[in-house]
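*Asks:* Sequence lines, in order, name chains A and B. Note that the numbering used here has the first sequence beginning at 7, numbered continuously upward. Note that the numbering used here has the second sequence beginning at 813, numbered continuously upward.
No lab work stands behind these hints, which were simulated from the structure alone. In this text, all values refer to a predicted model and were calculated from it rather than measured experimentally. Don't take each hint at face value.
As the list claims (entries may be wrong) - Here are the simulated lysine to aspartate or glutamate pairs, DMTMM-like style, with alpha carbons at most 25 Å apart: (1) K68/A / D1023/B; (2) K1041/B / D25/A; (3) K116/A / E858/B; (4) K939/B / D25/A; (5) K1041/B / E153/A; (6) K1026/B / D252/A; (7) K116/A / D1113/B; (8) K18/A / D1023/B.
Said to hold, decoys possible - What follows is a list of derived Cβ distance ranges for each label pair: (9) T212/A / I911/B: 54 to 62 Å; (10) E1018/B / P289/A: 35 to 43 Å; (11) N1021/B / S265/A: 48 to 56 Å; (12) A971/B / H161/A: 49 to 57 Å; (13) M949/B / K90/A: 35 to 43 Å; (14) S1014/B / K68/A: 15 to 23 Å; (15) E1018/B / G224/A: 32 to 40 Å; (16) G224/A / K935/B: 39 to 47 Å; (17) K87/A / Y942/B: 29 to 37 Å; (18) K308/A / L946/B: 47 to 55 Å.
By construction, the Cβ of each residue, glycine as well, lies at the ideal position given by its N, Cα and C atoms.
The primary structure of each chain is shown beneath.
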Amino acid sequence: MADNILEVRDLKTHFHTNDGVVKAVDGVDLHVEKGEILAIVGESGCGKSVTSQSIMRLIGAKSSEKVSGEILYHGEDLLSKTEKEMRQIRGKDMSMVFQDPMTSLNPAYKVGTQIAEMPIIHEKKDKKSSWKRAIDMLTKVGIPSPEKRASQYPHQFSGGMRQRGVVAMSLACDPDLIIADEPTTALDVTIQAQVLDLLRKLRDDTGTAIMMITHDLGVVAELCDRVAVMYAGKIVEEGTVADIFDNPQHPYTQGLIHSLPKPGSRERLKPIEGQPPNLHNLPEGCRFQDRCPFVMDVCREKQPELVPADKQDHQAACWLMGEEENDGDGRTGESEEPEKTF
Amino acid sequence: MIAYIIRRLLIAIPVLFGISLIAFFMVRLVPGDTVTAMLGNSYTPEQAEALRAQYGLDEPIITQYILWLTNVLQGDFGFSHFTNTPVLEAILLRLPVTIELALLSVVIAVILAIPLGTIAALKRNSKFDYGASLFGMLGISIPNFWLGTLMILFFSLWAGWFPSGGFVGLYESVWGNLQSMILPAIALGTAVGAVAMRMTRSSMLEVTNQDYIKMARAKGVSSRRLITKHALKNALVPVVTVLGIQTGYLLGGSVVVEQIFGLPGVGQLALQAITNRDYALLQGTILFIASAFVIVNLIVDIIYGFLNPQIRY
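Produce the entire structure from the sequences given, and follow the hints as far as they go.
*Replies:* Listed below in structure tokens is the structure:
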């Protein structure tokens, strides 16, 4: 545990709206180890981005936003920090790469200026050395003729170059952790591969941990070490990439894996039937109950917690876990039980 | 950039030509002419004819236009028979007053609009925001001549802080000049400021929702820097447009306000030219106002380039 840069315990982010409370994130536990790439996977609206922005405390300032739980960064709870203390952490210790590189750079300033702003505000460096740092960073992320590029504006960059620019910016103060919120979603496939290669290379060179938020399982398989699968505001399964892809435990994860096309296979893809629950009005018990092929009575009554599955570091939040030991406890005679194939 | 400015000035030529046409013929649509205005009620047709011949008003109208245009192109805007001065001189005499009033009004507008609009956007739906909206509505809907009259009533007649009218030149007394200018500038500036404030607010609201602002926060930028450096520069583009258009109007002379405060500006001159059917003077004034618009627009476009580097010429 000593190697954990970030530990999130029971993180809840609730939005108070006129239509009631939206529980976008509702009890997330996760940790990021030093130098690893953790993927947070899930479909749109499952709370991935809200989790990441809550960790950065970009959410929670308004009275309608309630963030609770613990966010331990090197053992210190970020939720108890003042905004001023947070500002020193943001960008310097933890930085962020957003989804759309077309809009995440300020159109009014030169790319170099925007990168140089990091050492200026965090390390109190002068303009000249910060500018030099900006050029170094652009070189590092593989932008050709960085001196020239630094004095160009974002609109003079292509999409992939802009995302490299954003990555350069996030790296400028050598952070321990980069939170990348779908950094490749807005890019076309060849550029995606380049950005993923870049992220991996940077992790290998600098030892920066990356929390990769994505809905693209291909990205996960390609890049990540560990995976946390999120569904309706909760983590439903967590494990290494091999665990998740080869031996998924939670029915939702299984559904995700089954919905991936397999090269050479003529089998029909099996989508997960139904829709995720309304975050305004979550059901009692497990949130996946209405879509789950293995649903039992207990699933409608109590929420399952993450428990170790086949290995200590492979956890899933499902009443099917530990069923063998419980010997069918809570099981009902509801129709016939589908065969477990894992 | 210089090529762009030259191109823009060249484009202005047909615009001004069109305006010269409209100005020339519109002026002549007004019933009566210079001669009848000069002679008053009792005159013989012979007197009128003689005067018309003297001013060249008996020529066919097309000939008159061509003659006038040729003279204008040579820098001769004609002679104002009523003020008994060359038109250009009459305008140039009034110009400093109008420019000063316009600039002062814009400064007041900017001082009001940008901080109020920004804070209103940041504290959306707060009491401050509602207050600013109220100011915006009042500023837009209250006619400036009414506000001007009220201000004369309160600040000049009752409080006695400012003169109720009349103009003191800048070279005579800076303080006196400011005293004679400040009330009309406020009367004009609040309306302009109200429009610009609403624009700043909505533009700021839009910009603060942009990803690059979220990104800047994630970089650890302080809220002050976030607003002044990251947001404002982007939010100001539409505000500059509004201010530019309004400045154009102000440079055309604020006819009514100048009249109320007795300021000898271009607006007052235009009004006199209309009442006196002083064709040459009126044409000159209209042409001048149009040129002012063209130039202000050009300046606005150049400012765009500084605010938004995507706009390149």
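*Asks:* Next, verify each hint and record whether it holds.
*Replies:* Hint check results:
Of the pairs offered as hints, the one joining K68/A and D1023/B holds, with about 18 Å between alpha carbons and a cut-off of 25 Å not exceeded. For a cut-off of 25 Å, the pair hint linking K1041/B to D25/A is broken: about 36 Å separates their Cα positions. At most 25 Å may separate the alpha-carbon atoms for a hinted pair to count; K116/A and E858/B exceed this at roughly 74 Å. Only pairs whose Cα atoms come within 25 Å are accepted, and K939/B paired with D25/A is accepted, the gap being roughly 24 Å.
As the CA atoms of K1041/B and E153/A are separated by approximately 23 Å, the hinted pair is consistent with the 25 Å bound. About 37 Å separates the Cα atoms of K1026/B and D252/A, which puts this hinted pair outside 25 Å; it is violated. Distance check on the hinted pair: K116/A and D1113/B sit about 20 Å apart at the alpha-carbon level, within 25 Å; holds. Of the pairs offered as hints, the one joining K18/A and D1023/B holds, with about 24 Å between alpha carbons and a cut-off of 25 Å not exceeded.
Take T212/A and I911/B: their Cβ atoms lie about 59 Å apart, and the range 54 to 62 Å holds. The hint said 35 to 43 Å for the Cβ distance between E1018/B and P289/A, and at roughly 38 Å that hint holds. For the hinted restraint 48 to 56 Å between N1021/B and S265/A, the CB-CB distance of approximately 33 Å leaves it violated. Range check, A971/B to H161/A: about 54 Å between beta-carbon atoms, so the 49 to 57 Å window is met.
The hinted window of 35 to 43 Å between M949/B and K90/A holds, with their beta carbons roughly 37 Å apart. Checked against the hint of 15 to 23 Å, the C-beta distance between S1014/B and K68/A comes to roughly 20 Å, which is consistent with it. Between E1018/B and G224/A the Cβ separation comes to about 35 Å, which falls inside the hinted range of 32 to 40 Å. In this structure the supplied range 39 to 47 Å holds for G224/A paired with K935/B, their Cβ-Cβ distance being about 44 Å.
Evaluation of the 29 to 37 Å hint for K87/A and Y942/B yields a pass: the beta carbon distance comes to about 33 Å. In this structure the supplied range 47 to 55 Å holds for K308/A paired with L946/B, their Cβ-Cβ distance being about 54 Å.
Comparing the model with each earlier hint shows violations of hints 2, 3, 6, 11; every other hint is respected.
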